[in-house]
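Engineer: For chain A, the structure is supplied; the task is to place chain B on it using the hints.
2 protein chains.
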Amino acid sequence: MGERGASATAIVTARAAELAAQVDAAFDRLLAVPDDARRRLYEAMRHAAIGGGKRLRPLLVQAASDLFHIDREAALRVGLAIECIHVYSLIHDDLPAMDDDDMRRGKPTVHKAFDEATAILAGDCLHDLAFQILSDEGTHPDPFVRIELVRALALASGPAGMAGGQMMDLEAEKTRFDLATVTRLQNLKTGALIEVCVEAAAIMARLPAEARVPLHGYARDIGLAFQIADDLLDVEGDPALAGKALGKDAAAGKETFVSLLGVERARAQAAMLVDQAKAHLHGHGAEADLLRAIADYIVERDR
Amino acid sequence: MGERGASATAIVTARAAELAAQVDAAFDRLLAVPDDARRRLYEAMRHAAIGGGKRLRPLLVQAASDLFHIDREAALRVGLAIECIHVYSLIHDDLPAMDDDDMRRGKPTVHKAFDEATAILAGDCLHDLAFQILSDEGTHPDPFVRIELVRALALASGPAGMAGGQMMDLEAEKTRFDLATVTRLQNLKTGALIEVCVEAAAIMARLPAEARVPLHGYARDIGLAFQIADDLLDVEGDPALAGKALGKDAAAGKETFVSLLGVERARAQAAMLVDQAKAHLHGHGAEADLLRAIADYIVERDR
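Residue numbers (this note's numbering), protein chains in the order written: chain A, 1 to 303; chain B, 1 to 303.
Chain A on its own, in the form it takes in the complex:
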């Protein structure tokens, strides 16, 4: 890890640790367990949502919100909503019918710790919770901002975004995808939700469309860099650090950035994307330092 990476990691991990505690505390409040037959459902949601993960998406919302001096509480709640979608997608993706994973974030997956039916419902409920949070007037006083946030997230998580990418990923086991198709798959599967993190800040700042272009460029670039880093970790990483099974793409015969480009070219491509992502921020000063550090961190992380 170079000096640039070391300092990026330090900057990111300090802010991320503070934020992770806030995210956990917020989920703890939102998911208070009721004293009725829904107890198991809430316990499953808590199992998945509390205490784990890098909280990269809430951190990105915070970092992009820094650019426009957006209220940190509003940014936290929007980050929580996006994290709800991320966590719901992990629960459903881990199901036996999908990726069939037993471990996630170093813990048993929800269907292992509970059962499949509870996992399906817990995912569905976190999916709703995202929109409950965004539509709450406590998140942002302006209904126009709230409805734009809902719209952006519903588009990013649905068939033209994350879930569409997951469908392509299932098909990738049956067909050999080329680099352009793998890129499109990943732009949908992970890119759309990463992009909506910075778009959310732009919505809260009521930024005109043309002023959003560099932010979208930044998000698209770090989204792909993130996925390439993930593909590299899947080949080279330590399952104990990652907290989940690795090497699954190769076993499933799926094409990835690493299988198509090789390790060295994939690593170079990720580094190029990080530089390009930071270049999109040239119009900003120190207020964009966290976004820059996140871009570096994404390819330096070891899990």
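It is worth saying that the hints were derived from the structure and are not from the lab.
Some hints could be false.
To be verified - Cut-off 30 Å, straight-line C-alpha distance, at most; resulting in silico cross-link-like pairs (BS3-like, lysine-lysine):
#1 K174/B <-> K107/A
#2 K112/A <-> K248/B
#3 K112/A <-> K174/A
#4 K54/A <-> K278/A
#5 K112/B <-> K248/A
#6 K112/A <-> K174/B
#7 K174/A <-> K112/B
#8 K112/A <-> K248/A
#9 K112/B <-> K112/A
#10 K174/A <-> K107/B
#11 K112/B <-> K174/B
#12 K248/B <-> K54/B
#13 K248/B <-> K107/B
Structural biologist: Below, chain B without anything else, positioned relative to chain A:
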């Protein structure tokens, strides 16, 4: 079927047939199949969403909107959004890990016609589509109305509504519920989504809270009457007409209104609820006739 029932069925089926064609046409437009690896996902969504069902929820939105002269196109789009949630819940409830049903609306369920992974994703995508529709400015010009619609639907479909009721339903196989608990279960599982149909009309009409009370009373009463009728059908109905397996609750050892009350008392309770539902509409004239006819129809239907 009495004369009241016969005329209610005639009134409801005429309007429902017209509406069903509009719902199908709208889903056909919204779910145009893309020429890429997401084809199977869209085909699964179309399989579940197009051509089937009574479209009771869109019809209720129309009927409640009649009271306030709300634009029919807006009412149709809101009805579509609620139907998306209903259809997604059917796809997930039919999964092997949940109710394990092979037939729905006279067709193979989505996981039978496609596969489990596709069914999970198709449900997830219809879940998002609901919020995409509500947040679209084509649905209603006022962002405050749109965000209130999102909020009402996200609350009705989540852990404090439909999905919470589904969780209670899963627990009902393990515990013997009493009448109060079965009533609460059904108020959540089917009642919440029925209630949001009339609440949506109240939101579009920007009705003050106190003016919404009778509408909520109507919805709660027909929601329970609908469920009692469903429980009666589960015992007495014809699977060919119903288009799905029947007799499953008794086989699973679940308490229902019929198991707890017996057939005769259950039927009397449903009739009482229908009368009570219509009494909530006493302040309205002919503009509430469709709502009245729906209340009668709900207990007269044979599927």
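Engineer: So, for every hint listed, does it hold in this structure?
Structural biologist: Status of the hints after comparison with the structure:
1. K174/B <-> K107/A: holds (27 Å)
2. K112/A <-> K248/B: At roughly 27 Å apart (the allowed maximum being 30 Å), K248/B and K112/A satisfy the hint.
3. K112/A <-> K174/A: With Cα atoms ~27 Å apart, K112/A and K174/A stay inside 30 Å; holds.
4. K54/A <-> K278/A: holds (21 Å)
5. K112/B <-> K248/A: holds (27 Å)
6. K112/A <-> K174/B: holds (19 Å)
7. K174/A <-> K112/B: Roughly 19 Å between the alpha carbons, so the hint for K174/A and K112/B holds.
8. K112/A <-> K248/A: holds (18 Å)
9. K112/B <-> K112/A: Between K112/B and K112/A the Cα gap is close to 24 Å, so the pair holds against 30 Å.
10. K174/A <-> K107/B: Answer holds: K174/A to K107/B is near 27 Å, not above 30 Å.
11. K112/B <-> K174/B: holds (27 Å)
12. K248/B <-> K54/B: OK: K248/B and K54/B at ~21 Å, within 30 Å.
13. K248/B <-> K107/B: Holds. K248/B to K107/B sits at ~18 Å (cutoff 30 Å).
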